[in-house]
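There are 2 protein chains.
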Amino acid sequence: MNALTDRLVGTPVLPQPYVLFLGDVTFAGFAKTAFGLRDWAPDKCVGEIRLAGATVTTGLEAVTAAEARARGARALLIGVANPGGVIPAIWRASLVEALEAGLDLIAGMHMRLSDIPEVAAAAQRLGRQLIDVRVPPTNIPIANGRKRSGKRLLTVGTDCALGKKYTALALADAFGARGLDVDFRATGQTGIMIAGGGVPMDAVISDFEAGAAEMLSPDAAASHWDVIEGQGAITHPAYAAVSLGLLHGSQPDIFVVCHEPGRTEMIGTAGYQLTSIEEIVELTTLLGRRTNPAIRCAGFSFNTSAMSAAEAAELMASESRRLGLPVADPVRGGPAFDALVDSCLA
Amino acid sequence: MNALTDRLVGTPVLPQPYVLFLGDVTFAGFAKTAFGLRDWAPDKCVGEIRLAGATVTTGLEAVTAAEARARGARALLIGVANPGGVIPAIWRASLVEALEAGLDLIAGMHMRLSDIPEVAAAAQRLGRQLIDVRVPPTNIPIANGRKRSGKRLLTVGTDCALGKKYTALALADAFGARGLDVDFRATGQTGIMIAGGGVPMDAVISDFEAGAAEMLSPDAAASHWDVIEGQGAITHPAYAAVSLGLLHGSQPDIFVVCHEPGRTEMIGTAGYQLTSIEEIVELTTLLGRRTNPAIRCAGFSFNTSAMSAAEAAELMASESRRLGLPVADPVRGGPAFDALVDSCLA
Numbered sequence: 001m002n003a004l005t006d007r008l009v010g011t012p013v014l015p016q017p018y019v020l021f022l023g024d025v026t027f028a029g030f031a032k033t034a035f036g037l038r039d040w041a042p043d044k045c046v047g048e049i050r051l052a053g054a055t056v057t058t059g060l061e062a063v064t065a066a067e068a069r070a071r072g073a074r075a076l077l078i079g080v081a082n083p084g085g086v087i088p089a090i091w092r093a094s095l096v097e098a099l100e101a102g103l104d105l106i107a108g109m110h111m112r113l114s115d116i117p118e119v120a121a122a123a124q125r126l127g128r129q130l131i132d133v134r135v136p137p138t139n140i141p142i143a144n145g146r147k148r149s150g151k152r153l154l155t156v157g158t159d160c161a162l163g164k165k166y167t168a169l170a171l172a173d174a175f176g177a178r179g180l181d182v183d184f185r186a187t188g189q190t191g192i193m194i195a196g197g198g199v200p201m202d203a204v205i206s207d208f209e210a211g212a213a214e215m216l217s218p219d220a221a222a223s224h225w226d227v228i229e230g231q232g233a234i235t236h237p238a239y240a241a242v243s244l245g246l247l248h249g250s251q252p253d254i255f256v257v258c259h260e261p262g263r264t265e266m267i268g269t270a271g272y273q274l275t276s277i278e279e280i281v282e283l284t285t286l287l288g289r290r291t292n293p294a295i296r297c298a299g300f301s302f303n304t305s306a307m308s309a310a311e312a313a314e315l316m317a318s319e320s321r322r323l324g325l326p327v328a329d330p331v332r333g334g335p336a337f338d339a340l341v342d343s344c345l346a
Numbered sequence: 347m348n349a350l351t352d353r354l355v356g357t358p359v360l361p362q363p364y365v366l367f368l369g370d371v372t373f374a375g376f377a378k379t380a381f382g383l384r385d386w387a388p389d390k391c392v393g394e395i396r397l398a399g400a401t402v403t404t405g406l407e408a409v410t411a412a413e414a415r416a417r418g419a420r421a422l423l424i425g426v427a428n429p430g431g432v433i434p435a436i437w438r439a440s441l442v443e444a445l446e447a448g449l450d451l452i453a454g455m456h457m458r459l460s461d462i463p464e465v466a467a468a469a470q471r472l473g474r475q476l477i478d479v480r481v482p483p484t485n486i487p488i489a490n491g492r493k494r495s496g497k498r499l500l501t502v503g504t505d506c507a508l509g510k511k512y513t514a515l516a517l518a519d520a521f522g523a524r525g526l527d528v529d530f531r532a533t534g535q536t537g538i539m540i541a542g543g544g545v546p547m548d549a550v551i552s553d554f555e556a557g558a559a560e561m562l563s564p565d566a567a568a569s570h571w572d573v574i575e576g577q578g579a580i581t582h583p584a585y586a587a588v589s590l591g592l593l594h595g596s597q598p599d600i601f602v603v604c605h606e607p608g609r610t611e612m613i614g615t616a617g618y619q620l621t622s623i624e625e626i627v628e629l630t631t632l633l634g635r636r637t638n639p640a641i642r643c644a645g646f647s648f649n650t651s652a653m654s655a656a657e658a659a660e661l662m663a664s665e666s667r668r669l670g671l672p673v674a675d676p677v678r679g680g681p682a683f684d685a686l687v688d689s690c691l692a
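Chains A and B, in that order, give the protein sequences. Numbered by my numbering, the letters in the first sequence go through residues 1 to 346 in order. Numbered by my numbering, the letters in the second sequence go through residues 347 to 692 in order.
Source of the hints: derived by calculation from the structure; they are not laboratory data. In this text the structure is predicted, and so the values were computed from the model without any measurement. There may be inaccurate statements among the hints.
What the hints assert, rightly or not - Every beta carbon over 12 angstroms from chain B, so not counted as near; a handful from chain A, in silico:
{"id": "1", "residue": "D24"}
{"id": "2", "residue": "F30"}
{"id": "3", "residue": "G85"}
{"id": "4", "residue": "A309"}
As the list claims (entries may be wrong) - Label pairs and their in silico Cβ distance ranges:
{"id": "5", "chain 1": "A", "residue 1": "E282", "chain 2": "B", "residue 2": "G399", "range": "57 to 65 angstroms"}
{"id": "6", "chain 1": "A", "residue 1": "P293", "chain 2": "B", "residue 2": "R471", "range": "56 to 64 angstroms"}
{"id": "7", "chain 1": "B", "residue 1": "E657", "chain 2": "A", "residue 2": "A346", "range": "48 to 56 angstroms"}
{"id": "8", "chain 1": "A", "residue 1": "A222", "chain 2": "B", "residue 2": "A663", "range": "45 to 53 angstroms"}
Ideal Cβ positions, reconstructed from N, Cα and C, are used throughout, including at glycine.
Modelling step: build the complete structure from the supplied sequences, incorporating the hints.
As structure tokens, this is what we get:
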């Protein structure tokens, strides 16, 4: 998976390895980005920096900016978010200290690093980069629909925020473990930080959405796999434009539908019922055929984190019988997940 | 249709009436915007300004900037485009003269008015506006999918550039002629200039695409019609994201499919065959149902400009029988177009 940055022509390549910055975080939910980095890119993380008052930890060793630099870190990565996306004043001295220690800064919050005067001034004085992973590249072309070489898998979903990134990472890992040549292609902030590159698809101007997806997974060797992180849902009243542009531009050979059993309404909408799994399969096939007539569904990834192991196993087995394809929870792994991987590679 | 600007909360409202600027244009195809304004908003155009060497005219009276201002013009509107979207140096003195005469400037070219130093300086000195209709509003919300009051019609297409704007304008006119309360909702540059407001949907960030469409056609009286200009095509490999966001956010009750008989390949793609009319009806209904379960196709608008009157009439009659709904060319009008309007209002 680490070859990604070398292939992503035109997309930002992040300076690595990182030191993870946790600020003064006291709620684990706000540190999701840091946990994602720890879980999926441990070889790219030299430690964590916490301020006084922080109660959350990734379990990585606590270091200073200077110690991180001495361990080879090239950037401080802000691994926490708060609801407003603001960078609090009490973080700022640490950010300047990191710049002075020789680190670039990477963030994906609503507030831009360059909008903090003392941070911007220090970066300019020291010749360091302030990188916002929410900013798409400026050289995205209009899509042309030309069939590209290599194989592609896209994770899609019955809604937002139910495991499309996790599933793509787990499948890319499993493909790699079977000796295949594979790249994880990131389309959201945390994914981009993990991969070290990618395109924040939701921040791309609509006219260029499919073009950005084409750029994200360029021509590759015939046996090479791109495993592409999905976004939104094709039936989400707010985000379907993102999903369709990504689907068309990715021209996937295979898709895996991600779903959270028990979720009944779509996130952020006025009471919209979740679309059924079968309808997502039907619509994704119908629309995806436009740029890849051979598109097929390989199976289903369930987020069963709210269920007991026994409940999850029973549900996945019965749903697999009903749907006629493997159903697995990549967090639980096991034979069900192996069967899903088999189906992808069949 | 003129009530549009009053309803479009948050979208730019252009200063009107205009004087149309033709520069030194010698190819009528480059003056499409000016012709569109002349044809669809004659009451908003006080005349035209041409430079020496121009051989194209809208037929409106040639005036100076000062004369235009004396006739009530509030803005000079650049009604020509060239392939590069550049504002030539020889236009600039005229643009400054217009600012000095008391006019704002409106453009939709690739090059920004504010990037021309002498124009930017004059506008600042005089307190005039430089308006780029390609720039979307900054206050677009994420869509919520809530059902809005009032009725909506969206024009969709089998491809780009085959009459979706023209059809929407003609239908809005026809609805008005029947005494209905109607607004044309513009989604592209020329449409926005004609309407005096709107949202350039292809320039909106993907995450906000459906939200922009919701903003464009707000709650209205139960009997009120919004006739919304479509963009792209739901099966266009480059632009489908724009089309789907617009479809979801518009939540149309009715759609009319625009088509150009004889066109076989989609514009700008690597040999993609045009999608069939029936498939566009099927996909638009399937996807549009998500935000408006009552969506229906009311008929078809054919661009028959390349055909003789007899050929066009014969084709439209046979296609109408085959498809089971009215087929009309709004440019030709006549009983076929009346039947299409009847079907929309049925």
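Quick rundown of the hints versus the structure:
Every C-beta of chain B lies more than 12 angstroms from that of D24/A, the closest at about 29 angstroms, which supports listing it as non-interface. With a least beta-carbon separation of about 21 angstroms from chain B, F30/A lies farther than 12 angstroms from that chain, consistent with its non-interface assignment. Separation of G85/A from chain B is adequate, the least Cβ-Cβ distance of about 14 angstroms exceeding the 12 angstroms criterion. Non-interface status of A309/A relative to chain B is upheld: no Cβ of that chain comes within 12 angstroms, the nearest being about 35 angstroms off.
Taken as a hint, the range 57 to 65 angstroms holds for the pair E282/A and G399/B, whose Cβ atoms sit roughly 58 angstroms apart. With their beta carbons about 60 angstroms apart, P293/A and R471/B fall inside the hinted range of 56 to 64 angstroms. The hint said 48 to 56 angstroms for the Cβ distance between E657/B and A346/A, and at roughly 51 angstroms that hint holds. Between A222/A and A663/B, the C-beta spacing of about 51 angstroms keeps the proposed range 45 to 53 angstroms intact.
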